[in-house]
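Turn these sequences into a full structure, and let the hints steer you where they fit.
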Amino acid sequence: MIASRGSRSAEPVLGLALGGGGMRGWAHVGVLSVLEERGLRPDLVVGSSAGALIGAYYAKGLPVPEMVRLMRGQRTASLFGLRLDGAALLDTDDLRDLLVEQLGDVQIEDLELPFAVVATELASGKEVVIDRGPVVDAILASSAMPGIFAPVRRGDRLLVDGGICNNVPTSVLVSRGARYTIAVRLHRDEERFDGVPSSPERSVSNSLWADRLAKTIRRDPSLPSGFEVISRVMELTVAKLERYRLQAYPPDVLIRPEVGHVRTLAFSEEREDIYEAGREAALAGGDLLDRLAGRVAAARG
Numbered sequence: 339m340i341a342s343r344g345s346r347s348a349e350p351v352l353g354l355a356l357g358g359g360g361m362r363g364w365a366h367v368g369v370l371s372v373l374e375e376r377g378l379r380p381d382l383v384v385g386s387s388a389g390a391l392i393g394a395y396y397a398k399g400l401p402v403p404e405m406v407r408l409m410r411g412q413r414t415a416s417l418f419g420l421r422l423d424g425a426a427l428l429d430t431d432d433l434r435d436l437l438v439e440q441l442g443d444v445q446i447e448d449l450e451l452p453f454a455v456v457a458t459e460l461a462s463g464k465e466v467v468i469d470r471g472p473v474v475d476a477i478l479a480s481s482a483m484p485g486i487f488a489p490v491r492r493g494d495r496l497l498v499d500g501g502i503c504n505n506v507p508t509s510v511l512v513s514r515g516a517r518y519t520i521a522v523r524l525h526r527d528e529e530r531f532d533g534v535p536s537s538p539e540r541s542v543s544n545s546l547w548a549d550r551l552a553k554t555i556r557r558d559p560s561l562p563s564g565f566e567v568i569s570r571v572m573e574l575t576v577a578k579l580e581r582y583r584l585q586a587y588p589p590d591v592l593i594r595p596e597v598g599h600v601r602t603l604a605f606s607e608e609r610e611d612i613y614e615a616g617r618e619a620a621l622a623g624g625d626l627l628d629r630l631a632g633r634v635a636a637a638r639g
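Following my numbering, the residues of the sequence shown are numbered contiguously, the last one being 639.
It should be emphasised that the hints constitute simulated quantities derived from the structure, not laboratory data. Treat the hints with care, since some could be wrong.
[To be verified] Once the Cα atoms are required to be at most 20 Å apart in a straight line, the calculated EDC-like pairs of lysine to aspartate or glutamate come out as:
hint, residue 1, residue 2
1, K398, D443
2, K578, E596
3, K464, E450
4, K398, E375
Here it is, written out as structure tokens:
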């Protein structure tokens, strides 16, 4: 346990919101490395989708170098197999096993830092903030992209990806009393998509035999696959909603890594570049972060 990271005070001084973005989420690790270098250790962490995963690592107390080690060692494509029961396209059993191995069978309320994730109730479309219960279940619920991963049952509700309703959850930080806030956004409004992954190994669909077969018999090979279309529609929807939510709940510092070239459902092995993009974006806001660090230090006394 790293006691210096924060405390479970009723009124957190600094809150951190980590946005969703699939493989782009490794940029959060680069951002965290810069925040730690500047002495900005949050009292509260809230994440959505990929941000829920990295946020859980951090809230559990994993040092940033350990997160980098995990990033470098994991081959993501090996974690997902084709699901044949009609509930979703991909199976997450191996991912669950890996998360339990890395995080343990831990409850959110027992993590080192106060932590919450955002998911979406499938029936109503309402935002669900999870701050209690098994952390692995919460991560999987927040990351359950509709049609790709099966919804996660929590009580009598089915939950899906938090990005559908609140992908950069600064509003949760505000509602929980955070005096100062930092947010990391992995989408950009101006992203473009030509329907073709920038390199064959980047697309998750290239690892699925069914998709490869479909591409060989497709009437128009220039069209994107159904998998790629679903991914892109999610990106468009999430990016537009993010913009409005951030206008309503603007953070004190917004960090936007340049990772728009990475598809949300990529299985890219170029994670060093993604990590470095997070560091570069945080370093570019160094003056803002330093000023914020001074205000945070003064507020903590």
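Going down the list of hints, with the structure as the test:
Using a Cα cut-off of 20 Å, the hinted pair K398 and D443 holds, with the two alpha carbons roughly 12 Å apart. Using a Cα cut-off of 20 Å, the hinted pair K578 and E596 holds, with the two alpha carbons roughly 17 Å apart. Only pairs whose Cα atoms come within 20 Å are accepted, and K464 paired with E450 is rejected, the gap being roughly 28 Å. For the given pair, K398 sits about 19 Å from E375 by alpha-carbon distance, which is consistent with the 20 Å threshold.
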